[in-house]
Amino acid sequence: DAKTTQPPSMDCAEGRAANLPCNHSTISGNEYVYWYRQIHSQGPQYIIHGLKNNETNEMASLIITEDRKSSTLILPHATLRDTAVYYCIVKSLLSGGFKTIFGAGTRLFVKA
Amino acid sequence: NAGVTQTPKFRILKIGQSMTLQCTQDMNHNYMYWYRQDPGMGLKLIYYSVGAGITDKGEVPNGYNVSRSTTEDFPLRLELAAPSQTSVYFCASSYVQGPNQPQHFGDGTRLSIL
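Protein sequence lines, in the order shown, are assigned to chains E and C. Residues in the first sequence are numbered from 1 upward in steps of one, following the working numbering. Residues in the second sequence are numbered from 1 upward in steps of one, following the working numbering.
A portion of the hints provided could be inaccurate.
Claimed, not checked - Partner residues aside, some chain E positions facing chain C, computed with beta carbon under 8 Å:
{"#": "1", "residue": "P7"}
{"#": "2", "residue": "Y32"}
{"#": "3", "residue": "Q42"}
{"#": "4", "residue": "G43"}
{"#": "5", "residue": "P44"}
{"#": "6", "residue": "Y46"}
{"#": "7", "residue": "Y87"}
{"#": "8", "residue": "F102"}
{"#": "9", "residue": "G103"}
{"#": "10", "residue": "F109"}
{"#": "11", "residue": "A112"}
To be verified - Estimated spans, in silico, between C-beta atoms of each pair:
{"#": "12", "chain 1": "C", "residue 1": "G40", "chain 2": "E", "residue 2": "T72", "range": "20 to 28 Å"}
{"#": "13", "chain 1": "C", "residue 1": "Q17", "chain 2": "E", "residue 2": "N19", "range": "45 to 53 Å"}
{"#": "14", "chain 1": "C", "residue 1": "E79", "chain 2": "E", "residue 2": "I74", "range": "44 to 52 Å"}
These aren't lab readings, by the way, just hints derived from the structure by calculation. Backbone N, C-alpha and C define an ideal beta-carbon position, used for all residues, glycine too.
Make the full structure from the sequences, and use the hints.
Structure (structure tokens):
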């Protein structure tokens, strides 16, 4: 699986958009980009995933660059409850889900 | 929906004791996983299962055993507890294997070995 690089921490004002970057420069063509978050030591929560097109769901938007070497998770209107550790992960068809590798993630602090 | 349920939520063990961490899911998922998470770190895969009767090792299997007799249940056993096994343990499941299926996680078991 391709490795990912994320900033260790970020701040965001409540009500503003939170933009969390992820670098995955070694990603290959069959690897998906996934985002999970972990709130206060609870189990990781799935947010969104994509292959090459931008994706949006009720929680967030995922913007993947054209060369797929980086992506950005966007929380459009961050709330205090969005304070969490956000993990960017790539998963490939060859290795499958069971070799999902979680890095240290980005700790997002949403401030009032 | 219950999703993935783990029991117990907390446990303290003495060195050398054994215990079983329980995990059950009600989503009829084929694939199940056990991870451990040490403080400030990401998750590391211990064992996984692709279906009833089939299990395989992950990144850090030493000191643990698993079984998968039913689709719903995937217990993790510690035979001789050691301080290095102090961690938070997460169970997860997914419908099928592959890169287009997210995993669903339980709320974890916090285990301390003293």
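Do the hints match the structure? See the list:
1. Taken as an interface hint, P7/E does not check out: its beta carbon lies about 15 Å from the nearest beta carbon of chain C, beyond 8 Å.
2. The interface hint given for Y32/E is met, as the beta carbon of that residue sits about 4 Å from the closest beta carbon of chain C, less than 8 Å.
3. Among the interface hints, the one on Q42/E holds; its C-beta lies about 6 Å from the nearest C-beta in chain C, closer than the 8 Å criterion.
4. Checking G43/E against chain C: minimum C-beta separation of about 3 Å stays under 8 Å; hint holds.
5. A hinted interface residue such as P44/E counts as satisfied when its beta carbon comes closer than 8 Å to some beta carbon of chain C; here the least separation is about 5 Å, so the hint holds.
6. Interface restraint check: Y46/E against chain C, minimum CB-CB distance 4 Å, threshold 8 Å, status holds.
7. For Y87/E, the interface hint holds, the least distance from its beta-carbon to any beta-carbon of chain C being 7 Å, beneath 8 Å.
8. With a least beta-carbon distance of about 3 Å to chain C, the hint placing F102/E at the interface is held under the 8 Å criterion.
9. Using the Cβ-Cβ criterion of 8 Å, the hint placing G103/E at the interface with chain C is satisfied: the shortest such distance is roughly 5 Å.
10. The beta carbon of F109/E comes no nearer than 16 Å to any beta carbon in chain C, farther than 8 Å, and the hint placing it at the interface is violated.
11. Hint status for A112/E relative to chain C: violated, with the closest Cβ pair at about 25 Å, above 8 Å.
12. For G40/C and T72/E, the Cβ-Cβ distance of about 24 Å falls inside the hinted range of 20 to 28 Å, so the restraint holds.
13. Look at Q17/C against N19/E: about 47 Å separates their beta carbons, and that is inside 45 to 53 Å.
14. Judged by the Cβ atoms, the range 44 to 52 Å given for E79/C and I74/E holds: they are separated by roughly 46 Å.
The structure fails to meet hints 1, 10, 11 from the earlier list, while all remaining hints are met.
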